[in-house]
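Please put together the full structure from these sequences, using the hints given.
Listed below are the residues making up each chain.
There are 2 protein chains.
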Amino acid sequence: MRIETRFCSPHIHKVEDGQELTSHVHRMIQEKTAPGGEFLGWLDYADKLSEKQICEIEEIADEIRQRADVLVISGIGGSYLGSKAVMEALCPTYGRKPEIIFMGHHMSSEELVEVTDYICDKEFYVLVISKSGKTLEPAISFRLLRRMAEERYGGDSSKRIIAITDEHSGALRTLASQKNYRTFSIPADIGGRYSVHTPAGLLPMAVAGLDIRAFLEGMKEGSREYSREFLEENAAYRYALMRSRLLEEGKHVEILVNYHPKLMYFAEWFKQLFGESEGKENKGIFPVAMINTTDLHSLGQYVQEGQRILFETVIDILKPKADIFIPGDEQDLDELNYLYGRDLHFINRRAMQATALAHMEGGVPNIIIEVDKLDERNLGKLMYFFMIACAASGLFLGVNPFNQPGVEAYKNNMFALLGKPGMEIETAEIEKKIHAIQEG
Amino acid sequence: MRIETRFCSPHIHKVEDGQELTSHVHRMIQEKTAPGGEFLGWLDYADKLSEKQICEIEEIADEIRQRADVLVISGIGGSYLGSKAVMEALCPTYGRKPEIIFMGHHMSSEELVEVTDYICDKEFYVLVISKSGKTLEPAISFRLLRRMAEERYGGDSSKRIIAITDEHSGALRTLASQKNYRTFSIPADIGGRYSVHTPAGLLPMAVAGLDIRAFLEGMKEGSREYSREFLEENAAYRYALMRSRLLEEGKHVEILVNYHPKLMYFAEWFKQLFGESEGKENKGIFPVAMINTTDLHSLGQYVQEGQRILFETVIDILKPKADIFIPGDEQDLDELNYLYGRDLHFINRRAMQATALAHMEGGVPNIIIEVDKLDERNLGKLMYFFMIACAASGLFLGVNPFNQPGVEAYKNNMFALLGKPGMEIETAEIEKKIHAIQEG
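Sequence order for the protein chains is A and B. 336 is the number that our numbering gives to position 336 of the first sequence; each next residue is one higher, with no gaps. 97 is the number that our numbering gives to position 97 of the second sequence; each next residue is one higher, with no gaps.
Just so you know, not all the hints are guaranteed correct.
Repeated chains share a single entry, so a pair holds when one copy, or any two copies, can fit it.
[Stated by the list, open to error] Straight-line Cα separation of at most 27 Å, DSSO-like style, residue types lysine-lysine; simulated pairs:
1. K373 / K433
2. K52 / K134
3. K321 / K220
4. K97 / K134
5. K122 / K420
6. K411 / K373
7. K48 / K220
Since the hints were made in silico from the structure, they are not lab data.
See the structure below:
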């Protein structure tokens, strides 16, 4: 399958003069000398994953598919968005079996009560995904789920809990060893947002009945195609360079646009990937998403005529998985008969082309990424495309695309406000600030 | 109930010097002399809705609740987001009866095939919401649904279809009269994004089992509280003025933040309301959303350290609908025992305060909107708060907050590309442009 990129913004069409910079960035990535280069394990992870490891994932997935009504997954960020994105994109909306419910990516008490009530009379398995085991949200949800499983399944509960965590150390690794849970490892050299093709992404996909071998093939195809140095041979580098040019021109916000509701969580995955990789040192493009044509009736007005700080990256799916044809109507009061016999996918793509043109002419450049069709292989390749483009984008910008130093600020405040032992001085200080705000 | 606003950005704390402008805008709204003043029917619509009209909505809703497994709603934009926002916020996640499925807000063939397959062996009703009946997405979906209903229920199908449309004219009004559908009216002086408290919003809510009288009471409370002229008495005007000050300071993007996954579609409603009202004449704040703590593990890094073009408006829900307590654990490997016995809502709100402080100190001003608890009444009032704040914001900015001229551009291109009769010249011209882009 092919991924084509088209740039609908004539005045910045040429990227060839960026080859020198691109070659420099290319070497930093491939030789792992980039800032954060110790987290480039994802580059060739799909190639290195052994047949034995894939079989183990498939075997446990089969067991869960046979025995569970519900798989509850406790994970947040990269331990949640990758597999969620792929499952929502490829699984049917109705009648999934087993159901896969995510918990541990929020702290809404109402929602947690509902999930625990819902699963209490169903056969369930628990999958906990956390590198350290101490991230607050999945740790809380896993404490609740572990207790439920132990009350429900007694000594057998350890067979119903699977942990994906650091290979050697951490709270969850220790607990898993003690309790004899089955485990998989998140490699130490892969960060959460680049981990969709590790067991963290693959096991949930396999439980959902998806073909993880095809997904890995797509990843491998991506790793071949997007490890080429030259811009004319590498669409991912062209896309990355185009983004950086657009940012220089004052396009501060990138909208990932698609015309398929099933890609909603793909867009969420994209937002984490780019937002967390680029948003540092007061730099970076702010990533947002639109699902059209829905959002043309919402944000469409703004995109057409609001502040000219936007550009769009549009995912164009060429072939649909299923299609439906417009029926005729004698009276034609709704004036749709001129579309009689047309397939809906054709109409949807016409809407996409019409919108790209209107937005471009309104001052919003469009980058169109063509994908043959939505399946495991193509999605794997598309994700690799974005991962390598994201790494290159961050390096063009001059930031480390593999760390996330800024997430500590709120966490430190939060642990202090929660009275974590050892933080007594911070607690007093931050309590005072919060009080001042609330009185202010 | 009260809605409080707190501004966590000391240097722009004072808004009192905006009273003169506010009074001017206030009069334009209340005397309906604002640009687009002919679309201010929503201001006192809740007061004018008669007992008879409310009873009619409740009666049809009861009938649907008794007889249908599924209600399929065909609507887009304001005919979709308001009721969807309220239902997702207030209904349980699991076990809804009847199921309410939205169609007609996209043109994904795969999704439409799935929905029609899913309902074909279920008892269903159809609700079509469209002022004209000619908006492409709901018109297509309604053609499909109408045919399904006629094949399934024959002569009785007209009893299973309800239309909400213009009171007097339009394709859907004509069809409904011919077919003898039961109908409700969307008032001519209310635009889609301000229509959540009209039958377009109320009937779906009532079918979902929600208390529409309480919702309307909240709207009325809002219309009393936010029709006050003076800033110190009107939190909605204070919020609107603060937004316009933030925009002047280079905060181009507003993030509506909440800590409750159930408010995801409330945020979508907010995005349409503000984006479509303000985004014109190259002006306006670009509205986006974050659902925390989920998105702190995604966009959090960017908010903390990316470009300083952001501000946040945080919805702080004081009391939860249900709560859950942190259990103890002998080993405490996850180091959560210091939270033993704490309720999760407390922890979630602490995360909220910690984040607001961290972001504010990082250069992202926070406006915090406190709401007692999530129920019909409070949500009605909160929506009114945002509606009046949005009208005032648009007028502060100098735009007409009630039109949406920019959505015609893509529609014209689309109808031309689809070969709509009478557009032959445009079709040739736009085909040529699209071809040039695809070759380029």
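Practice prompt. Tell me, please, which holds for K97 and K134 at an alpha-carbon limit of 27 Å: within, between, both or neither?
Written response: neither (31 Å within a copy, 38 Å between copies)
Practice prompt. Since the copies are identical, ignore which copy is meant and state whether K52 and K134 lie within 27 Å (CA to CA) inside a copy, between copies, both or neither.
Written response: neither (29 Å within a copy, 57 Å between copies)
Worksheet item: Should K122 paired with K420 be assigned to within, between, both, or neither, using CA atoms and 27 Å as the limit?
Response: Neither. Shortest intra-copy (35 Å) and inter-copy (53 Å) distances fail the 27 Å Cα cut-off.
Worksheet entry | Copy assignment of K411 with K373, given that the CA separation must stay at most 27 Å | Answer is between; shortest inter-copy Cα gap is 26 Å, intra-copy 40 Å.
Item to complete: Measure nothing new, just compare the shortest in-copy and cross-copy C-alpha distances for K321 and K220 to 27 Å and report within, between, both or neither.
Response: within (23 Å within a copy, 47 Å between copies)
Discussion item. Checking an output row: K48 and K220, CA cutoff 27 Å. Within, between, both or neither?
Written reply: Within one copy only: 10 Å inside a chain, 63 Å across chains, cut-off 27 Å.
Discussion item. When Cα atoms must be at most 27 Å apart, do K373 and K433 count as within-copy, between-copy, both, or neither?
Written reply: For K373 and K433, only the inter-copy Cα distance (25 Å) is at most 27 Å; the intra-copy one is 52 Å.
In summary, the structure is inconsistent with hints 2, 4 and 5 from the numbered list given earlier, while agreeing with the others.
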